[in-house]
Amino acid sequence: MENKTPLLSLKNINMVFKKPGSLLKDQYIHVLRDISLDIYAGEIIALVGESGCGKTTLGKIITGLYKPTSGEIYFEGNKVSGIFDKKVTSFNEIQFIQQDSYAALNPVRTIYQSLYAPIKNKHKKWSKKEVDAKIEELMQIIGLYPSEQYLSKYPHQLSGGQRQRILMARAISLEPKLIVADEPVSMIDVSLRLSILNLMKELNEKLKMSFVYISHDLSTSRYFAANGKVAVMYLGEIVELGQIADVISHPSHPYTRALVQAVPVPDPTYKGADELPLKSMQLGSLEDRTEGCSFKERCLYCTSECNKKQTYQSSKTAQVLCCNLSTVLDKDK
Amino acid sequence: MKENIVEFKNISIDYPMKKYTLRAVNNVSLNVKRGKITALVGESGSGKTTLSSSLIRCISEPGIIAEGEVIFNSNDGSLINVEKLKEKELRSFRWEKVSMVFQAAQSALNPVLTVRQQFYETLDEHGIKLTKEEKEAKCLKILDFVKLDSKRVIDCYPHELSGGMKQRVMIAFSLLLDPEVIILDEPTTALDVITQHYIFNLLKEINKTMNISMLLMTHDISVVASFADYIAVMYGGRVMEYGSVEEVFKNKLHPYTKGLINATPSIIGNIDDVRPIDGRPPNMLDLPKGCVFSDRCPFAKDICKEKEPETLYKEDGSFIKCHLFLGGEDNGK
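Residue numbers (my numbering), protein chains in the order written: chain A, 1 to 333; chain B, 334 to 666.
In case anyone wonders, no lab produced these hints; they're calculated from the structure. On a predicted model such as this, the values are computed, not experimentally measured, just so you know. Don't take each hint at face value.
Okay, derived cross-link-like pairs now, DSS-like style, lysine-lysine, Cα gap no bigger than 27 Å in a straight line [as the list claims (entries may be wrong)]: (1) B/Lys591 to A/Lys201; (2) A/Lys271 to B/Lys474; (3) A/Lys206 to A/Lys120; (4) A/Lys279 to B/Lys585; (5) A/Lys279 to B/Lys541; (6) B/Lys366 to B/Lys638; (7) A/Lys279 to B/Lys537; (8) A/Lys279 to B/Lys474; (9) B/Lys647 to A/Lys279; (10) B/Lys471 to B/Lys537; (11) B/Lys369 to A/Lys271; (12) A/Lys60 to A/Lys122; (13) B/Lys462 to A/Lys271; (14) A/Lys271 to B/Lys583; (15) A/Lys153 to B/Lys352; (16) A/Lys271 to B/Lys484; (17) B/Lys541 to A/Lys271; (18) B/Lys583 to B/Lys537; (19) B/Lys638 to B/Lys585; (20) B/Lys591 to A/Lys271; (21) B/Lys421 to B/Lys480; (22) A/Lys120 to A/Lys208; (23) B/Lys335 to B/Lys541.
Bound conformation, chain A alone (with noise of 0.2 Å):
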């Protein structure tokens, strides 16, 4: 993969919010720090995070719903500044599904409306009888059928996992080349959940569709992303970013660390920590944050290094944004 082009690539992204303050003195939020990010055609990447910690806005960035207040984003090697760019048609490319099926889908109309105008929108040459052989095609994929049933239905007549098949349906109907996924199995009962990841993955590796999933849960993320990557956010940075087995298995990051402890597992023999390797359970505020690290008030390796500006760094698995790295690995020995 050395030599390819990446499909997306993020360089130095920052966010900046501006929170309504007092007349005198607005205030600013920095939502995303300095993120670069490669996404490579046919590549799962999950990102995974607390609430809070910038991972939906980036989403919303990668699928240009956000201009980023600094930073440059390339689409297969081209630049290109946010979905309201009238140059940029790639956009039709990168697709988004929310988090909430409900809200995303118009409860007036129903899914064969929902399905039908994003298709003709695209090729407007397409007769009624093109657009349709196209949805029933939809619906195979997504297992939908017979597709009759479902198209004629609003959207409050469906059930969450079928509103997101739909939902999947509608993204993968302009054969975008990345999707954005956020959350998309959180409302969804334990026994479909596997089954709308299973349709996500069969997506991904028949039709080589790159993903980006967005979560809070590392076990669906490691499902998922099996063969792909992780990449863990702390306060709108990435804190380390490598092979998802690698990162569970052998976490570098004192956050990555908690959170992989943290996880419960379903075999009630399987001994985990009693106590995280945390400071606090507090997550930071992104208001007062500080320069430096921005895990420090809960790290318990935390020295006076960590009040510098952060590099990455190697570890033998992962990219790691944190200053005595080496100190955190050894105290392992």
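Put chain B on the given structure of chain A with help from the hints.
Same frame as chain A, now just chain B:
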């Protein structure tokens, strides 16, 4: 003192509608052991919330208990039939004997009252006669117990607290009147894994040090494995299997329990062993004939589709509802 603090006896709960009656819980008998954590596991719509709310007679409208009764064996030796409590007795029974931590702590707290006002209101309403100083001391003590910065939090409004803090305030709230049982309805659904880990450690500590029995409802079987003592698996308004967590996970007897465990991705173990349960969750208005799980069960035989299985009790009090384990012709394995 009896071993069981709560006994559900042949409970059936109906929701009468205009055209039909929905039976959300069907002939369930279940015991909650004193001083232990019993988990009710099931997908949405399996009746776990309905069943547990019958313990505080709080079934949402228009639900009624059609058959059976709920017996509460108090620690002081008295026996309370929850069905027969008068309105006034019920008011003191709730929260003094049995309290509840609701699913969405975010909306369970009153947004226009501070934590202090809400705590005092409850103390006053239940006729606890304390001086101002004693009240404050009591509130601070339980807030400290859930590891909150009590002096600050007590004068906060709910919106000033994070999700994890609100959930801990809710837990402190449930301890306010020294109850004997706490019902926990999906206490960590909206929280990330690290906060979840802390909350469950806290609950375990409360269970051990204060000897409070707990009834935990969840759809996450990994949480049950690492936290509960007993498990009751619900499906289609019935308890399919009940037993100690170790035994149930080790033996994986009931096909649905087995399916649930196999369908849960984990961060350890082989990913290829994880597989979904075929089919879709049951429609409570149109349950399959015979065993309610028969249409999804890979081991279903003819009898499963005709007759609902009897409950098979074992010596240790555990039970299972499945034809595969009932004796008789050809039902060997």
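For each hint, the structure was consulted:
Of the supplied pair hints, the one linking B/Lys591 and A/Lys201 holds, its CA atoms being roughly 23 Å apart against a limit of 27 Å. As the CA atoms of A/Lys271 and B/Lys474 are separated by approximately 31 Å, the hinted pair breaks the 27 Å bound. Taking the CA atoms of A/Lys206 and A/Lys120, the gap is near 24 Å; set against the 27 Å cutoff, the hint holds. For the proposed pair A/Lys279 and B/Lys585, the alpha carbon gap of about 38 Å is over 27 Å, so the pair is violated.
Pair hint A/Lys279 plus B/Lys541 holds up; C-alpha atoms about 24 Å apart against a cutoff of 27 Å. With a C-alpha separation of about 34 Å, the suggested pair B/Lys366 and B/Lys638 falls outside the 27 Å cut-off, and the hint is violated. Taken as a hint, the A/Lys279 and B/Lys537 pair is honoured in the structure, with Cα atoms around 20 Å apart against an allowance of 27 Å. A hinted pair counts as satisfied when its Cα atoms are at most 27 Å apart, and A/Lys279 with B/Lys474 qualifies at roughly 22 Å.
A threshold of 27 Å between alpha carbons decides the hint, and for B/Lys647 with A/Lys279 the separation of about 46 Å lies outside it, so the pair is violated. Of the pairs offered as hints, the one joining B/Lys471 and B/Lys537 holds, with about 21 Å between alpha carbons and a cut-off of 27 Å not exceeded. With a C-alpha separation of about 19 Å, the suggested pair B/Lys369 and A/Lys271 falls inside the 27 Å cut-off, and the hint holds. Proximity of A/Lys60 to A/Lys122 is assessed by CA-CA distance (about 22 Å); at most 27 Å being required, the pair is judged to hold.
Between B/Lys462 and A/Lys271, the direct Cα distance comes to roughly 45 Å. Violation of the 27 Å bound is thereby established for this hinted pair. In summary, the hint linking A/Lys271 to B/Lys583 is supported, as the alpha carbons are separated by about 15 Å, within the 27 Å threshold. Proximity of A/Lys153 to B/Lys352 is assessed by CA-CA distance (about 22 Å); at most 27 Å being required, the pair is judged to hold. Of the pairs offered as hints, the one joining A/Lys271 and B/Lys484 is violated, with about 35 Å between alpha carbons and a cut-off of 27 Å exceeded.
Between the alpha carbons of B/Lys541 and A/Lys271 the distance comes to roughly 18 Å, so the proposed pair stays at or under 27 Å and holds. Of the supplied pair hints, the one linking B/Lys583 and B/Lys537 holds, its CA atoms being roughly 22 Å apart against a limit of 27 Å. About 22 Å separates the Cα atoms of B/Lys638 and B/Lys585, which keeps this hinted pair within 27 Å; it holds. For the proposed pair B/Lys591 and A/Lys271, the alpha carbon gap of about 21 Å is at most 27 Å, so the pair holds.
About 34 Å separates the Cα atoms of B/Lys421 and B/Lys480, which puts this hinted pair outside 27 Å; it is violated. This hinted pair checks out: A/Lys120 and A/Lys208 have alpha carbons roughly 24 Å apart, not beyond 27 Å. With a C-alpha separation of about 19 Å, the suggested pair B/Lys335 and B/Lys541 falls inside the 27 Å cut-off, and the hint holds.
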